[in-house]
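Just so you know, the sequences run in chain order A, B, C and D.
By the count of the numbering used here, the first sequence reaches residue 185 at its end, each step adding exactly one.
By the count of the numbering used here, the second sequence reaches residue 185 at its end, each step adding exactly one.
By the count of the numbering used here, the third sequence reaches residue 185 at its end, each step adding exactly one.
By the count of the numbering used here, the fourth sequence reaches residue 185 at its end, each step adding exactly one.
Keep in mind the hints are simulated off the structure, nothing from the lab.
Fair warning: this is a prediction, and the values are worked out from it, not measured in the lab.
Some hints could be false.
Remember, identical chains collapse to one label, so a pair may be satisfied in a single copy or spanning two.
What the hints assert, rightly or not - Using 20 Å as the maximum straight-line C-alpha spacing, the simulated EDC-like pairs for lysine to aspartate or glutamate come out as follows: (1) Lys-114 to Glu-68; (2) Lys-114 to Glu-138; (3) Lys-36 to Glu-65; (4) Lys-43 to Asp-175; (5) Lys-164 to Glu-138; (6) Lys-40 to Glu-65; (7) Lys-95 to Glu-112; (8) Lys-164 to Asp-19; (9) Lys-164 to Glu-154.
Chain by chain, the residues:
Number of protein chains: 4
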Amino acid sequence: MKQNTALIIIDMINKMDFDGGENLLENSLLVAERLKEFKKKVKQQGVPVIYVNDNFGLWQDNASELLEECKKGTGEPVVEQMEPDEDDYFIIKPKHSGFFGTQLSILLDHLEVKNLILTGVAGDICVIFTANDAYMREYNLWVPEDGIASEYKEDNENALRIMKRSLAARTDSLDSSLLGHIFSS
Amino acid sequence: MKQNTALIIIDMINKMDFDGGENLLENSLLVAERLKEFKKKVKQQGVPVIYVNDNFGLWQDNASELLEECKKGTGEPVVEQMEPDEDDYFIIKPKHSGFFGTQLSILLDHLEVKNLILTGVAGDICVIFTANDAYMREYNLWVPEDGIASEYKEDNENALRIMKRSLAARTDSLDSSLLGHIFSS
Amino acid sequence: MKQNTALIIIDMINKMDFDGGENLLENSLLVAERLKEFKKKVKQQGVPVIYVNDNFGLWQDNASELLEECKKGTGEPVVEQMEPDEDDYFIIKPKHSGFFGTQLSILLDHLEVKNLILTGVAGDICVIFTANDAYMREYNLWVPEDGIASEYKEDNENALRIMKRSLAARTDSLDSSLLGHIFSS
Amino acid sequence: MKQNTALIIIDMINKMDFDGGENLLENSLLVAERLKEFKKKVKQQGVPVIYVNDNFGLWQDNASELLEECKKGTGEPVVEQMEPDEDDYFIIKPKHSGFFGTQLSILLDHLEVKNLILTGVAGDICVIFTANDAYMREYNLWVPEDGIASEYKEDNENALRIMKRSLAARTDSLDSSLLGHIFSS
């Protein structure tokens, strides 16, 4: 794993207080457990971690406030697992793609990142939107098939197929032995 | 059909000289025949037509030159059918989404357009990318299921499902009776 | 004053720990006193207040943390005067223009704002950059001549002249009787 | 002069059929003569030339048509001097900055350009807007003081001062001996 790789965690700090939120919560919890371990592992290798998270209507660019708000919601069990460390980056997004109306691409330039590991929810909405924008900006993509979740399994798989085919994304699982060399070439 | 609607035609002026181009050509030809008629019909109702087209590496923002180039390629039969009229708009895009690095959103503001009919190729790449960006910019979307084509049928259907579910897109067919009132509400 | 107007406060939450910071601090303090009153007055009329503020290298989209940091810096006296209220919006920018890499234009759409009162520092850098971007996005601009400050007076005046001439900005002072009708037409 | 440098020519293909156009025409003609020579010289050294030009309301991304249109206008003498070569790039912009709603930054990435020589008109509008956007994207800037023109000399000088101070731009003249090493460090 090279330093020019970043781990992106999308919308895991989440109220989940919308229709379909319960389904998404269940699927997200499974991802959260795996992702927590994976995050620990890649941080030890110097990979920066960037939360890219919905603003949930607050429009404050205030991560502290956003965290407090989301702990009060249905998504609390996921928030507990995924709470950002002090040295993680935290970027608030107003729309679906992590690149739209955010400082993400400027931060990635600043960190000299070329490879993105995209994780989080929902696979068929914010993850795929962010992946599209990342691809147009010429990042190499790894979207681990067990590192994203959607409300419905079938939609999650559709999204993975599209990202694999149209965005040249790797979709190997989080515990893949690829970890060491997936972006090494 | 209201004047605040535009017909977007994506990448139909196309060399199709890439791997998989033959498949795409065959599928695009079917779309081109239907789309030509549809274009005629909506223009009579005052709907502006906007070609949004790959630059094919020319980087010249020169539609005349682009047309000449594409007529020399495999895609020529489609280009013949879909040649733009003098009063159509023509926007050249450098990447997959019609909104990325183009004047499209500024033109749509200028035309006071709120509703987009997205058509063209490829459904699972440039059409879905453009649809994503359109959705984030709060346009209402109609992506007629028989107005787009991809290299593979299954991928085209996947893309339609994603656009329907995640982008709230209508996918009714081109000859749908919805034409008159689909965006009327 | 119509509801489609917003007060933008640029970089007043500021460490001012750079070369030239002392000059800027002195000039900013004068602005801060006037601006504090002006802000109170326009809020009573329902005008939303949007802080648009440098990230000072934190990359956290965390307004709370940013405020704490800036209180420790040379700019503390200005921060004290200009501390945001709970109901003010707070947007963090990574570069000079408030529109570049931020959710500002999406928030302004959301608030249906068409007219901007641009205030803050530095007039010849972040204010004029933000003004340029605002003008291209077709906002009407009021940049009160006593609501902005730069390190050097002459540079501040140059910036005002450019904004007046090239961006069609009004530059009337904060206590202008224009307040009631400047954007009414 | 390194290959990672590009010469940008702004709005020299110009109708000049607006108020103040006559003044601008006179000032632009002086620039055109010098710029024509300069362009020849830098092309011999392998520097790519990129025209970045207003759309003049055509919305067609059609350089051929734009050239024809502008030859019919007041600006014809300048257009004659500055007509693009076949191997020059041509980018059409809908607004003042060459980066807003265009493929410019994608082309510059593609060409691996880091240093820009900004020339053309008007210095106090489109040139300074483009310079601002270039600076935020971390390009090094050379805006030759005799390579730009504005309607009024004083405004041109103001713009140069702002670009020098706030954008760290070099403003040495076109025939400067700096040509060989200005961006060499």
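Do the hints match the structure? See the list:
1. Lys-114 to Glu-68: The answer is neither: 32 Å in one copy and 32 Å across copies each exceed 20 Å.
2. Lys-114 to Glu-138: both (8 Å within a copy, 18 Å between copies)
3. Lys-36 to Glu-65: neither (22 Å within a copy, 24 Å between copies)
4. Lys-43 to Asp-175: within (15 Å within a copy, 52 Å between copies)
5. Lys-164 to Glu-138: within (15 Å within a copy, 27 Å between copies)
6. Lys-40 to Glu-65: neither (24 Å within a copy, 24 Å between copies)
7. Lys-95 to Glu-112: between (25 Å within a copy, 17 Å between copies)
8. Lys-164 to Asp-19: Between. Shortest inter-copy distance 17 Å satisfies the 20 Å Cα cut-off; intra-copy 28 Å does not.
9. Lys-164 to Glu-154: Classified as both; 15 Å inside a copy, 14 Å across copies.
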